[in-house]
Amino acid sequence: MASVKLTDVKKIYDNKVTAVHDFNLEIKDKEFVVFVGPSGCGKSTTLRMVAGLEDISEGTLEIDGEVVNDLQPKDRDIAMVFQNYALYPHMTVYDNIAFSLRLKKVPEDEVYERVTNAAQILGITEYLTRKPRALSGGQRQRVAIGRAMVRNAKVFLMDEPLSNLDAKLRNQMRAEIILLRQKLDTTFIYVTHDQTEAMTLGDRIVIMKDGYIEQVGTPQEVFDTPVNLFVAGFIGSPQMNFLKAKLLQEGSGYSVEILGAKIPLNEDQNAVLKGKNIGSQDIILGVRPEHTTVLFDRADNAIECTINVNEMMGSELHLHLSSANDDRIIVRLPTVDLTKEQRNSLAYGSRMYITFPAKVMHLFDPETERSLIDG
Amino acid sequence: MAKQAAAPIERMAGSKPHKGRQITLEIVTFLLFILFMMPFIIVIFNSMRTNADIINQPVGLPTDLGQFWRNITEIWNNPTFNFLSALRDSVIITVISLAVISIFSSMAAWVLVRNKTKWSNIIFLCYVAAMVIPFQVVMFPLLTWFRTVGDFLGIPMLRSYQGIIFAYLGFGEAMSIFIFHGFIKGVPLELEEAADIDGCSRAGTFFRIVLPLLQPVFVTVLVLNGLWIWNDYLLPLLVLGSSGTIRTIPLAVQGFNGAYVKQWHLIMSSTLLAMLPIIILYLFAQKYIVQGMVDGSIK
Ligand SMILES: Nc1ncnc2c1ncn2[C@@H]1O[C@H](COP(=O)(O)OP(=O)(O)OP(=O)(O)O)[C@@H](O)[C@H]1O
Ligand SMILES: [Mg+2]
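Residue numbers (my numbering), protein chains in the order written: chain C, 1 to 375; chain S, 1 to 299.
Isolated chain C (complex conformation) (with noise of 0.2 Å):
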């Protein structure tokens, strides 16, 4: 239990490539915190500094309260959970997990006490004889996590724990994060390159690309007000659409054009970007797929479309449409209320039509590629 701090924090490494940039992030005590981005953003390496498995190259790390860029990982009175487990081959389940409790001269007993516990919470209590060999991916992750817990540390960090596992699996053990991290009660930083995770599990998720942060929220916040096209893109699942359109002041208000359409902005957005003190410009509009309303006839301020792919996931459909302008627009349309004949309508090359409110859509300069109303 413990807050962590990172004050302009730099990984350099000795091939001069500089992984992360100027890292600023408060951690509060027990809050999880969700660290998300692609491949080779500096995820792990951010981790591995908080662990001290990492150099900080600049910058500094502090534990509560305590700046520990120079303590080695087991003074830091950390737990970490490895992607690819690192369980000790050579040890049975039990003595994997009462490995650290025994360093520490814990009276066999209470090791006893404790590993079992974890054992009991984590399901494992009846492999706790055998060889990580014998177990499932699962099975192994469930240790990894149990090794981690009777620690009691301070900080509990995971890196990609789950990317070893099957989807459904997956889907499980996040759940089972979840509980964990109830009965734990600690400070988490976790990292993941899937964004559902991140969504599901974090207090704050921190969005990263390139070693830099592009954003740091909570769900709702990274969901409803993305600061840049980057964030909008990544987070949500299908993806934000993009589309190229105008923003036209005339006289107090703006609106948004796209395609002959022309959509009024609400009271809020026309205050902010009065603020801004922005003029008529080209923008690019997002707008996500679940704020899209499909028409199957033509309607005022409607953007006609063709469909190119008909996805059918079940409850609904994800259609894939091109418009006129030859932007790619994923739209979702529920099943259930479809007629027969709007069913059979759906096929290739067919026509649709598609509107949103002014709430729902994301306006960024294309240059900047920053949010005009959020950034």
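In short, the hints are calculated from the structure, not lab data. Positions of the beta carbon are idealized from the N, C-alpha and C atoms, including for glycine. All clues given are correct.
Straight-line C-alpha distance at most 30 Å; calculated DSS-like pairs for lysine-lysine:
1) K16(C) to K116(S)
2) K74(C) to K185(S)
3) K116(S) to K10(C)
4) K105(C) to K131(C)
5) K74(C) to K116(S)
Partial chain C-side listing against chain S, Cβ under 8 Å, derived:
6) A51
7) P73
8) K74
9) I78
10) A79
11) M80
12) F82
13) A86
14) Y88
15) P89
16) H90
17) F99
18) L103
19) K104
Assemble chain S with the ligands onto chain C, guided by the hints.
Just chain S with the ligands now, with coordinates in the frame of chain C:
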């Protein structure tokens, strides 16, 4: 249907010359086996014969099996050969050399693998280079050097246990480090990092995590070095001398090979005695060599 049935027959017909070749190969292999085993077989047979018998007819079958025990008893009671003391010296030298070589080389290899600096590379390459220097090139300088060092430090290096063990460490290290190096590169670094986080010291990480994982290759290193050191004749001859107080079994066996009198029956039986421990050790270790491989820790 008929076509299908025909196919296997064709194949069988086609395999006839193939089978002939196989039998020839097997015969050749067997003859080679006999050829290579011949010295060993001669040793066994001749250790069951009398000296006169052997001199009369070097290759021959034993006529009286009881002769074997008489030979052994003669060796046992021979005061100059002194089998027990030779056995003791051989065991002391082999066991301590093996312990020193395996521990030092595994530790050195670990450090060389895990510290990725230019110097680690250079040092490692020096060890590899040392493997190709023939022993005969360095054996005489070695003696001079040992005498100098011994005089300088006041620790006798010639005719002493520490001297020959130190020499074995030097000669055995290069190959052992090479073998360990290759193996340790395959040990996942995450295991050591996990141990680090779990609170292990550097030494603790080596002895509790790395060393147990090295078990299969450790056995290999022990067997290779063990065979060599146990059977070695030249280095003990140079460092310990043929008339010193410390005598390994190969040196002692050579004692029967006098300039004027060669006691062949004793040479043969003592050679057999000398081979036995190492053969037993090898059969025992075989199980471990085949058995263990690291798995399960990382996917
Ligand atoms: N030991 C190293 N030496 C040099 N460069 C490194 C080293 N480790 C990582 N890097 C570089 O640092 C950058 C960030 O790597 P990092 O492992 O932190 O990425 P990541 O976000 O964890 O990616 P992934 O999702 O693939 O695990 C990458 O460009 C990588 O090539
Ligand atoms: Mg990573």
